[in-house]
Amino acid sequence: MSGFFNSSIGRKYAMALSAFFLMIFIVQHFAINILSVFNPDAFNEISHFMGTNPLVQFGLQPILLFGVIFHFVMGFILEIRNRNARSVKYVRNNGAANATWMSRNMIWSGGFILIFLVIHFIDFWFPEINTKFIQGDMSGLLPNGDYRYYEELTHKFVPIWRVALYCVGFVFLSLHLLHGFSSAFQSVGANNKYTRGLKGFGKAYAILIPLGFIFIALFHHFNH
Amino acid sequence: MNLTLKIWRQNGSQDKGRMVDYQVSDISKDMSFLEMMDVLNEQIINKGEEPVAFDHDCREGICGMCSMHINGEAHGPDKGITTCQLHMRSFKDGDTITIEPFRAKAFPVIKDLVVDRSSFERIQQAGGYISVNTSGNTQDANAIPIDKHAADKAMDAATCIGCGACVASCKNASAMLFVGAKVSQYALLPQGQVEAVDRVKNMVAQMDLEGFGNCTNTGACEVECPKGISLENIARLNREYFKANVKG
Ligand code: HEM
Ligand code: SF4
Ligand code: FES
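In the order they appear, the protein sequences are chains F and P. For the record, in the first sequence the residue sitting at position 68 is 68 according to the numbering used here, with numbers rising by one throughout. Count along the second sequence starting at 1, add 224, and that's the number in the numbering used here.
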């Protein structure tokens with residue numbers, strides 16, 4: 001199988017598998033975040049559980065980090081190889097005549113998602129790691145005894161610039177998934193009688209999930 | 225019709241090449257694109273210059289030789305046809321038409337608009353065949369019953385003429401539609417099963433070796449393919465390749 005993953009097709013299987021993993025992860029992330037709108041207490045509880053459970057922290061979290069890093073590194077590798085496959089460019093090329101903008105610009109939508117992720121990590125992940133593992137405060141509590149998660153979340157969405165940045169980030173995620181969702185199925189060889197329906201579902205997924213995240217950011221901005 | 229043509233001129237594979245402008249006049253709307261090129265070449269020859277080299281053979285959409293990238297699209301703006309089936313009625317008087325060779329590292333330019341597509345031949349040689357004993361005791365073709373749907377799909381895949389428009393249109397210069405069609409035409413039939421594992425492995429290995437890109441599933445190939453080869457064939461190629469690697 002080592003030959004498999006060094007082949008053009010094998011690389012795309014790997015790319016699609018990492019993408020499936022990320023698409024499932026994002027649904028789970030959304031499900032937790034949306035609780036912050038409807039039920040702050042439940043949001044606090046589950047955040048505390050996810051943040052302190054050793055299985056999540058030392059089992060799932062490293063897998064997630066690996067999945068993200070693998071996906072974008074492989075994305076860059078594929079992009080470089082694909083550019084090399086056409087050393088002399090066309091003087092005139094009408095890309096829009098036969099393929100969508102989203103499918104032709106996965107590296108750009110992906111690149112902006114990567115920039116967003118760096119900011120997202122600086123905003124949430126580094127402070128979490130700092131509080132829990134450097135300062136050693138695993139309590140998840142504020143000095144007044146309340147859980148800190150909901151407080152921290154709403155506080156983050158006060159500055160309008162950050163809200164705007166999140167919105168832009170999710171627009172790029174939407175563009176990425178509008179092509180990526182169905183593309184991942186094609187990459188693993190699934191193209192059959194369900195494909196039409198799956199494409200429709202993929203479009204809905206690619207619009208609704210990012211829109212949901214945007215809603216959460218706007219909700220907290222205008223309510224606090 | 226009077227037209228301005230911007231054509232890629234490259235005197236041999238070592239030449240750097242450049243775009244050159246030409247004017248042609250009194251072009252009939254009923255001419256095929258290649259006939260228009262013939263008129264241009266006569267004009268160039270009469271001036272004592274070197275005519276534009278371009279590939280063609282059948283001029284009826286069968287051989288797949290007429291590789292031209294016209295106004296940014298393989299085989300020009302119309303769908304489901306080769307360049308020889310493109311007619312001048314698809315253009316307007318006064319148009320500027322850009323004509324370039326198919327571009328891919330695996331399709332090096334030989335001269336002007338002529339590219340070397342022997343990379344396709346080498347992929348075929350790596351596994352695009354079945355071994356049958358034809359020395360007098362040939363079996364009747366109908367002795368093996370074949371599901372009608374499978375037979376139809378195999379025939380559809382077999383209509384690929386190896387023109388290379390899929391590679392030329394793909395932003396990654398990927399040959400997956402071509403290889404998908406060539407693997408599918410056998411994968412769907414019982415006669416193709418004996419060599420199935422080696423076939424797909426060897427053809428994909430050769431495809432990678434030739435320097436074609438990866439597939440991003442943009443679907444540009446399917447849109448530009450003159451024979452309407454479907455993306456289903458790429459999915460089948462992916463499945464066949466996975467199966468072959470699991471089997472060893
Ligand atoms: C971290 C930054 C990211 C970068 C740089 C990136 C880059 C890419 C690139 C270049 C491709 C196309 C690969 C090809 O040429 O076939 C791709 C495909 C894909 N990406 Fe991303 N991506 C990123 C994040 C994400 C995220 C967060 C998700 C999902 C939530 C995602 C889902 C997908 C999917 C579903 C595909 C299609 C896979 C396939 O065609 O088989 N990506 N990505
Ligand atoms: S798949 Fe279509 S575009 Fe590609 S070589 Fe065959 S006939 Fe030409
Ligand atoms: S010349 Fe044969 S297909 Fe165009």
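Derived by calculation from the structure, the hints in this document are not laboratory data. Hints are supplied without guarantee of correctness; some may be wrong.
Stretch by stretch, here's where chain P covers chain F in the computed footprint (C-beta under 8 Å, at least three residues) [said to hold, decoys possible]: (1) 88 to 97; (2) 176 to 188.
Below 30 Å or equal to it, Euclidean Cα-Cα: the simulated DSSO-like pairs (lysine-lysine) are [to be verified]: (3) P/K377 with P/K240; (4) P/K253 with P/K240; (5) P/K240 with F/K199; (6) F/K203 with P/K240; (7) P/K372 with P/K240; (8) F/K203 with P/K395; (9) F/K199 with P/K335; (10) P/K395 with F/K89; (11) P/K467 with F/K199; (12) P/K240 with P/K395; (13) F/K193 with P/K467; (14) F/K203 with P/K253; (15) P/K253 with P/K372; (16) P/K329 with P/K372; (17) P/K372 with P/K271.
Glycine residues also receive a C-beta, built at the ideal position from the N, C-alpha and C atoms.
Hint by hint, here is what the structure shows:
1. Given a C-beta distance limit of less than 8 Å, the hint that chain P covers the stretch 88 to 97 of chain F holds, as 9 residues qualify and 3 suffice.
2. Coverage of the stretch 176 to 188 of chain F by chain P holds in this model, with 6 residues showing a Cβ closer than 8 Å to a Cβ of that chain against a need of three.
3. With a C-alpha separation of about 43 Å, the suggested pair P/K377 and P/K240 falls outside the 30 Å cut-off, and the hint is violated.
4. Simply put, P/K253 and P/K240 have alpha-carbon atoms about 34 Å apart, too far for the 30 Å limit, and the pair is violated.
5. This hinted pair does not check out: P/K240 and F/K199 have alpha carbons roughly 44 Å apart, beyond 30 Å.
6. Note on F/K203 and P/K240: the hinted pairing is violated, with a Cα-Cα distance of about 45 Å set against a maximum of 30 Å.
7. Straight-line distance between C-alpha atoms of P/K372 and P/K240 comes to about 51 Å, which puts the hinted pair past the 30 Å bound.
8. Simply put, F/K203 and P/K395 have alpha-carbon atoms about 23 Å apart, close enough for the 30 Å limit, and the pair holds.
9. Distance hint between F/K199 and P/K335 is unfulfilled; the C-alpha atoms sit about 43 Å from each other, more than 30 Å.
10. A distance of roughly 10 Å separates the Cα atoms of P/K395 and F/K89; the hinted pair therefore holds under the 30 Å criterion.
11. Using a Cα cut-off of 30 Å, the hinted pair P/K467 and F/K199 holds, with the two alpha carbons roughly 25 Å apart.
12. Distance restraint check for P/K240 and P/K395: the Cα-Cα separation of roughly 22 Å lies within the 30 Å cut-off, and the hinted pair is therefore satisfied.
13. Between F/K193 and P/K467 the alpha-carbon distance is near 21 Å, which keeps this suggested pair within the 30 Å criterion.
14. Of the supplied pair hints, the one linking F/K203 and P/K253 is violated, its CA atoms being roughly 43 Å apart against a limit of 30 Å.
15. Taking the CA atoms of P/K253 and P/K372, the gap is near 42 Å; set against the 30 Å cutoff, the hint is violated.
16. Between the alpha carbons of P/K329 and P/K372 the distance comes to roughly 39 Å, so the proposed pair goes past 30 Å and is violated.
17. Between P/K372 and P/K271, the direct Cα distance comes to roughly 58 Å. Violation of the 30 Å bound is thereby established for this hinted pair.
The structure fails hints 3, 4, 5, 6, 7, 9, 14, 15, 16, 17 (numbered hints given earlier, in ascending order).
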